[in-house]
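Taken in sequence, the protein lines are chains A and B.
Residue numbers for the first sequence follow the working numbering, so the first one is 1 and each next one is one higher.
Residue numbers for the second sequence follow the working numbering, so the first one is 1 and each next one is one higher.
These are calculated hints, taken from the structure and not from any lab test.
A virtual CB, placed ideally from N, CA and C, is assigned to each residue, including glycine.
Please note: incorrect hints may appear among the correct ones.
So, partial list: chain A residues that the calculated Cβ filter (under 8 angstroms) puts toward chain B [stated by the list, open to error]:
(1) L91
(2) M99
(3) F102
(4) M124
The calculated label-pair distances, taken between Cβ atoms and stated as ranges, are [stated by the list, open to error]:
(5) B:N356 / A:T38: 28 to 38 angstroms
(6) B:A289 / A:T38: 35 to 45 angstroms
(7) B:L11 / A:L74: 49 to 59 angstroms
(8) B:K22 / A:P28: 45 to 55 angstroms
(9) A:F81 / B:N356: 18 to 28 angstroms
(10) B:D69 / A:I76: 34 to 44 angstroms
(11) A:I76 / B:L72: 35 to 45 angstroms
So these bits of chain B aren't anywhere near chain A, every CB distance computed over 10 angstroms [unchecked claim]:
(12) F109
(13) Y111
(14) A135
(15) A154
(16) V214
(17) H250
(18) P278
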Amino acid sequence: MSSIPAPRTPHAAPHDAAHIHEADHHMPHGWRRWLFATNHKDIGTMYLLFSFTMFMVGGVLAMLIRAELFQPGLQIMNPHFYNQLVTMHGLIMVFGAIMPAFVGFANWMVPMMIGASDMAFARMNNPAWTPRSLRCTCSASAPSWARSTSS
Amino acid sequence: MGSINIIVTILNMRAPGMKLMKMPMFCWGWLITAYLLIGVMPVLAGAITMTLTDRHFGTSFFNPAEGGDPVLYQHIFWFFGHPEVYIMILPAFGIISHVVPAFARKRLFGYTSMVYAVAAIGILSFIVWAHHMFATGMPVTGQLFFMYATMLVAVPTGVKVFNWVATMWRGSMTFETPMLFAVGFIFVFSIGGLSGVILSVAPIDIQVHDTYYVIAHFHYVLVAGSLFAMFAGYYYWAPKWTGVMYREMHGQIHFWLSIISFNVAFFPMHFLGLAGMPRRYADYPMQFADFNALASVAAFVFGIAQVYFAIFVVLPALRHKGEPAPQRPWEGAEGLEWEVPSPAPFHTFETPPKLNASATRVVG
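Let's have the full structure, built from the sequences with the hints guiding it.
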């Protein structure tokens, strides 16, 4: 039924094979599993959850834009803030939502689709992920920063 | 860094028998995407660093008052920006090339031409950037070059759309949520692609430059393109990720709410743009009021549809609530990801699997 290939090492006894696939000692638990993640599936999951969160944030900005444009005239915000909203909506959707989501798909699916055990640089996969999430979170706070510098 | 990782993974980590020309289309899409990323991300880094030093350290790369050139910024930005939009669509093409054959229960029509089409789009993406800048006053020769180069992009893209349709032709199709989103993608993305060809014509572009026509165009290719493809991919692969199926009714509601409200929100923007409503203003004349009110209402419905997706599809999946997913939930799905149990174990293919001739099944 399950067609995970059994290890083809000649001297691997059956219960050893089972043990490898249970992989208790391979799988860290708690926060270490996520912060020090090197598993392509875990990193893919983090990318997908992060991008969905940013998709919701960018969506709230889109709703604010459409709320202002519901009627002609200025209703709920000043034009400068409106312009920042448009910029941030675009940036968040492109760099926070769409791109990380596709990277999440790639992390999850590419190794499984080509029959690989993980990404080629499994450890480098983590520092490729963590700074990006921090960077996007910082840039999401940029509108307030931009207002303070461009008065 | 991530792109290098993906390229090396795809080129070096394939199981024996997984030849490049047997590789799943999603991997092909990402391989080309990763090369594009490596090509253009340093350019973006240069552009934003120059902007930063202009703003804070007294340089004047882009400030005409001190001998700089703002058009230089546009060139650098769009040399990044145009490949970027293909970065956001090529993996989507890959996902659609998996979902359509699975639910048409046929092999992908014209696999080889699909691969070459992706590669051609990747190459063309580097020579079309100035079609974003027709209004900056460039020589006619330049306008003609970028106009024709841009129209060329429609050729490989058309190949892909026709191949998807040919894959569905006489297939035994069923319309579960992934397929709905995939067919929805083909329909709505084609509209976005056609408005793209219209925009590529320099005189028309100068007319509608920076109007809502452009907003409509790129939301048709990004929301209905990338986002709908990702929804198709989510519904298709989430059973493998989480081990539980979504409720089909929830997926159908999400799809119909999304596609109807999306079109109601963005299609009128074509008319607004042609009538001359400029983008990036918080205010507009009375004559545009009706379409804007309509677009706003539909946009709110679209937003609610995504909240519905979060609450009724994503949340149960995260909590592993739902019917257990079989190893191969879709009858026509092919590929190695369906050769491992659902949910996929923490480690898969620790030793290279032996593959059958088409590299879609594990044997022995």
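- Message: Of the numbered hints stated earlier in the document, which are not met by this structure?
- Response: Per hint list: 1, 6, 8, 9 violated.
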